[in-house]
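Let the hints inform the model, and build the full structure from the sequences given.
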Amino acid sequence: MLNGLWLGFFIVAAVSALAQWLIGGNAGIFAAMVESIFAMAKLSVEVMVLLFGTLTLWLGFLRIAEKAGIVDWLAKALGPLFLRLMPEVPAGHPAIGLITLNFAANGLGLDNAATPIGLKAMRALQDLNPSPTIASNAQILFLVLNASSLTLLPVTIFMYRAQQGAPDPTLVFLPILLATSASTLAGLLSVAFMQRLRLWDPVVLAYLIPGALVLGGFMALLATLSATALAGLSSILGNLTLFGLIMMFLVVGALRKVKVYEAFIEGAKEGFDVAKTLLPYLVAMLCAVGVLRASGALDFGLDGIRHLVQWAGWDTRFVDALPTAMVKPFSGSAARAMLIETMKTSGVDSFPALVAATIQGSTETTFYVLAVYFGAVGIQRARHAVGCALLAEFSGVVAAIGVCYWFFG
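First residue of the sequence shown: 604, per our numbering; consecutive thereafter.
Simulated from the structure, these hints should not be mistaken for laboratory data. This one's a predicted model, so the numbers in the text were calculated from it and none came from an experiment. Among the hints, erroneous ones may be present.
[As the list claims (entries may be wrong)] Here are the simulated DSBU-like cross-link-like pairs (lysine-lysine), alpha carbons at most 30 Å apart as the crow flies:
id, residue 1, residue 2
1, K872, K862
2, K872, K860
3, K723, K872
4, K679, K860
5, K947, K645
6, K723, K862
7, K679, K723
8, K723, K860
9, K645, K872
10, K872, K679
11, K679, K862
Have a look at this one:
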């Protein structure tokens, strides 16, 4: 899938460049494409330097949380809920702890770190699967919730914005929180419908109703604020949550007699190992996207969509963010490249860049997750996983666009 997508970028760029040269007489198009390749290779290294630091930092803090028992506490707290949503998983099974740790990493926006943990969780669920080639209900629910990208603290999005010079990298904190809540809710409801899960069970309601009330009340409060106040609140809450989480990990770790410095170094080493494998993928995708933009093919496609949106009588400012949404189901690295390219082209705090950042933070690489997670355990029949995951993805994109118009429009 990624081979075809990456090759397709270059083929479309080549066809577009030939058309501009032979029909439009633009002989300089090839020089622009070559220049874009080298510029994007340089940008990849610049982004990678900050990504090294971000992943190393947060996996270090996550290891402190793990050794302090915070993850185990979360597993116990969520245990009764998972027993209802995944009735085939026995109480106290290792899969529950791994699922919780995976959600914690996803919640912190550490998607690259969450994948290895998620694979361990999927293998643990496969041990309980009566059919080795058909996805179980528990595996489908776990995968769809992963594909819904529940991100409470999108630190990698903050990092990309900081690298591109954003004066306030956490500006998109609240939009991402609201959009990812919509995608996760859509994923949960769709799986519950397909699997006939009893969401009206008293225990499930005891978890869902307070969360819904808090989110609904919070949105009602936000509705009373101006756009300027919304942006300011998003910034304050983003930074406060970020630093508060760090302090909680450190204080709880110290109270539990954890050697916090040594635990941090242990986790940071793992973060370094995860980060160093990403540079080739980042170079490959950023260069492909750069060539696509320099050839004029990307602008041509977006202009076509923009005309359709104008014909429908809608505002067209979100159109420039759509490349991130269109490639995100297939490749996280391609979507990341599209996001960085949009920020670089339109401006890091432009409306398209803010929409693209929100989409990136509230959606997931659906087909990639399906291929990697199910492929790792030999699942051949995904059943309703694809449809439910794509519904969650679509809900996240629509919510991201709507929320950004609310906050920044």
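So, going through the hints one by one against the coordinates:
1. K872 with K862: holds, 16 Å
2. K872 with K860: Distance ~21 Å between K872 and K860 Cα, so the pair holds.
3. K723 with K872: holds, 19 Å
4. K679 with K860: holds, 21 Å
5. K947 with K645: With Cα atoms ~13 Å apart, K947 and K645 stay inside 30 Å; holds.
6. K723 with K862: Given pair K723, K862 holds - Cα atoms ~26 Å apart, limit 30 Å.
7. K679 with K723: holds, 19 Å
8. K723 with K860: holds, 28 Å
9. K645 with K872: holds, 25 Å
10. K872 with K679: holds, 28 Å
11. K679 with K862: holds, 24 Å
In this structure, none of the earlier numbered hints is contradicted; all agree with it.
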